[in-house]
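Chains as they are written, first to last, in my numbering: chain A, 1 to 158; chain B, 1 to 158; chain C, 1 to 158; chain D, 1 to 158; chain E, 1 to 158; chain F, 1 to 158.
What the hints contain is simulated information worked out from the structure, not anything from laboratory work.
Any given hint could turn out to be false.
Each pair may be met inside one copy or between any two copies, as identical chains are not told apart.
[Stated by the list, open to error] Below 27 Å or equal to it, Euclidean Cα-Cα: the simulated DSS-like pairs (lysine-lysine) are:
#1 Lys12 to Lys151
#2 Lys12 to Lys31
#3 Lys151 to Lys31
Computed from a predicted structure; not experimentally measured.
Number of protein chains: 6
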Amino acid sequence: MSGFTHFDAEGKARMVDVSDKAETERSATAKGRILMQPETVALIRAGGVKKGDVLSVARLAGIMGAKRTPDLIPLCHPLALSSVKVDLTLDEGNNAVEITATCKLVGRTGVEMEALTAVSIAALTVYDMCKAADRGMTITDIRLTHKSGGKSGTFEAA
Amino acid sequence: MSGFTHFDAEGKARMVDVSDKAETERSATAKGRILMQPETVALIRAGGVKKGDVLSVARLAGIMGAKRTPDLIPLCHPLALSSVKVDLTLDEGNNAVEITATCKLVGRTGVEMEALTAVSIAALTVYDMCKAADRGMTITDIRLTHKSGGKSGTFEAA
Amino acid sequence: MSGFTHFDAEGKARMVDVSDKAETERSATAKGRILMQPETVALIRAGGVKKGDVLSVARLAGIMGAKRTPDLIPLCHPLALSSVKVDLTLDEGNNAVEITATCKLVGRTGVEMEALTAVSIAALTVYDMCKAADRGMTITDIRLTHKSGGKSGTFEAA
Amino acid sequence: MSGFTHFDAEGKARMVDVSDKAETERSATAKGRILMQPETVALIRAGGVKKGDVLSVARLAGIMGAKRTPDLIPLCHPLALSSVKVDLTLDEGNNAVEITATCKLVGRTGVEMEALTAVSIAALTVYDMCKAADRGMTITDIRLTHKSGGKSGTFEAA
Amino acid sequence: MSGFTHFDAEGKARMVDVSDKAETERSATAKGRILMQPETVALIRAGGVKKGDVLSVARLAGIMGAKRTPDLIPLCHPLALSSVKVDLTLDEGNNAVEITATCKLVGRTGVEMEALTAVSIAALTVYDMCKAADRGMTITDIRLTHKSGGKSGTFEAA
Amino acid sequence: MSGFTHFDAEGKARMVDVSDKAETERSATAKGRILMQPETVALIRAGGVKKGDVLSVARLAGIMGAKRTPDLIPLCHPLALSSVKVDLTLDEGNNAVEITATCKLVGRTGVEMEALTAVSIAALTVYDMCKAADRGMTITDIRLTHKSGGKSGTFEAA
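If we strip away everything but chain A, and leave its shape as in the complex, we get (with noise of 0.2 Å):
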């Protein structure tokens, strides 16, 4: 296990250089989850199909989110998404919504905080559009799954 890139010998928080990294395509995909009750998750249900839906919103929110990840969080750079994808699924067996991000780029850096961000900011919504029924939804289970391009290789989560 390596140290922290994100600072330098003297522990100072950085942008690290990638001006020598090769333009690759990289490729990185997030996931998480929300609970929520059994009422909550018929309510979407019912909107998807008839009147408002919950999880087309959240999922235009999470692309929006993924594009503004380098104004979010501190010292990531600033990319050229060439692709973002975000999925909203109920998961009615386990009371929960389904999310998954994404994000594609020819660049020098990857792409992992753009899909992890892109999760959040979905779930985020997902959140506010049915907090009027349910206050007590947890977020939960935000991870990387996989990733791919660059130097340190595929990833995979176990």
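We have chain A; now place chains B, C, D, E and F onto it with these hints.
Okay, now just chains B, C, D, E and F, sitting in the frame of chain A:
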């Protein structure tokens, strides 16, 4: 359990009209945690004492993230927050960083989303700072723990 | 007809000083439309029923765009909007999408620009979503239709 | 006429994946106009000569607006624009301000939305600067007039 | 001389809680200057009369910069500024551009940072506009000259 | 000494067209300083050792500020910075904080403005953190000290 306020009768998304709500002092507290390898916890502790301090960077990112909430969450109102506090502590027994954020406002709508966003952005920043050492970290258990002010009264998580 | 308030006596641009204005409830409504091929109207209708809903995405973009008005229009005041509603409907007789936006504020200055910006961003989003099918669409007839609150009184478009 | 590329096969909104597109020089030009009272045209002309120059402020807002396109239009890619030009001229015969914007990029996707956004924000800024004198102005005829570069070839408005 | 209010008793950064402060009218004025070659001063003067006006562009950038203060300065409160004025004048005797910015607010916290940010962004914009002619310009002497409103009373620079 | 590139032949502001420039590695370094009371220097030193660290907060704000340059400086190109470093040190002999920022890019245009903006935002943040103790601080001597890469060659401040 009521329905969703962010859709009108036809299911169209909207920013809820709060023009007629009273300006009252409102407060919200949210919590969350990041699970990591014991070696990562040790690296963070070592940095906070001697070198770069992951928790200070994440605290600042959380405070700034709270201010970006209306840019990120589609139907949130723009708000003039009167206070933001973000606290991160190492929980070595559980190999985790614990995050707590409290936001306040004198205004017409609650600040739950601001507190939850602060926790989420702080957690993502911890992930970013430590990911060179530990890609398998998980952000988990982000939830509202307290809310006061406004017509819906005080909420305390069970 | 008076002169321009956004310049001082020497012709220098400024944000108008509203410190002495009363906090009143203010509302503004703007409208606009996008003209397109009949086939494009048909594709939007088909999507709203079965697949991707162009109008829902544009509605959300319009709401979020209203919040960005002070970042975009140089001399607009930053405002804590209390309500934003954006509505898009298909007008098949005229091969058009009709857009209406209403913004509200309890504050010291009007919200015309917020309503006009919401309509503009929603229209641009319809263009973006449909441009692979129809590059010749035209955004047209964006105008203020109603304004109330504040010293200048109520305005209704002829 | 093809379908919409911003939805996948299930109708879910996405940012189109351009990872495999070639980096080519791309250019787009958009136009639009604002209709106003003859007295408002006269005030703008007088200001440009003697006092505050509405058209210079709007030109700058248009250039800055082009850069904000990915923040505003949900499914637009973040882009490193290589050129933005915005031109506004008084058309006294038609009681109008004419706006033209041209954006360029060496990259993987077109810049139509950037040019259209520049025109829209410039037009909104003209409205804002002149609204104290003329609330009835109309922003109209915003359309793409030229596009070149990329696989879909050159587009010229009829 | 008191300590720093932006840290709590444990030295953790925070946004100061202003919930209990009174809403009063607050004003702040800041000044600064940019030193340059005599030829650069002459070019700016020539442009302002005949061609592109550096000072008008910088004035607008300063006004817009004041509005971005809470996005830029980590612990600043988001504020609904009621007035921003930025003035730039050529000081040919000293080969300098002089900048003054005044911000106002009816609110719970002071607007010094908004005035100082407006001056800084205006100065950076002058540098950007003129740097092809003169890379050795220096931005200097940015300071608060006046502050009124709020509990700490009126401040005037010596 | 040449003229200004940010205006066209008619004096209209524009973002300079860099489409034809080569992608090269570019670097820029800027410096600046804040003058303060000796007691304020002592408070900053004490905080860095025991409590809240003003210089760490300002370093982070400077890094984040560099990324916001195209949002702030009207005619700057949006850039994918590959490196940002900001350093702040106490100069007790001169009662000052010294700031140095270096930005890098592999791209078509220089990064002077990013380095100068990083220094400016870091300086403003020091002011904000210390203003409760010392309102009379002055931000001074912000200038470019080094620039390399690109057609205009290397610049070193005298």
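Checked hints:
{"no.": "1", "hint": "Lys12 to Lys151", "result": "within (24 Å within a copy, 33 Å between copies)"}
{"no.": "2", "hint": "Lys12 to Lys31", "result": "between (31 Å within a copy, 17 Å between copies)"}
{"no.": "3", "hint": "Lys151 to Lys31", "result": "within (23 Å within a copy, 34 Å between copies)"}
In terms of the numbered hints stated before, the structure departs from none.
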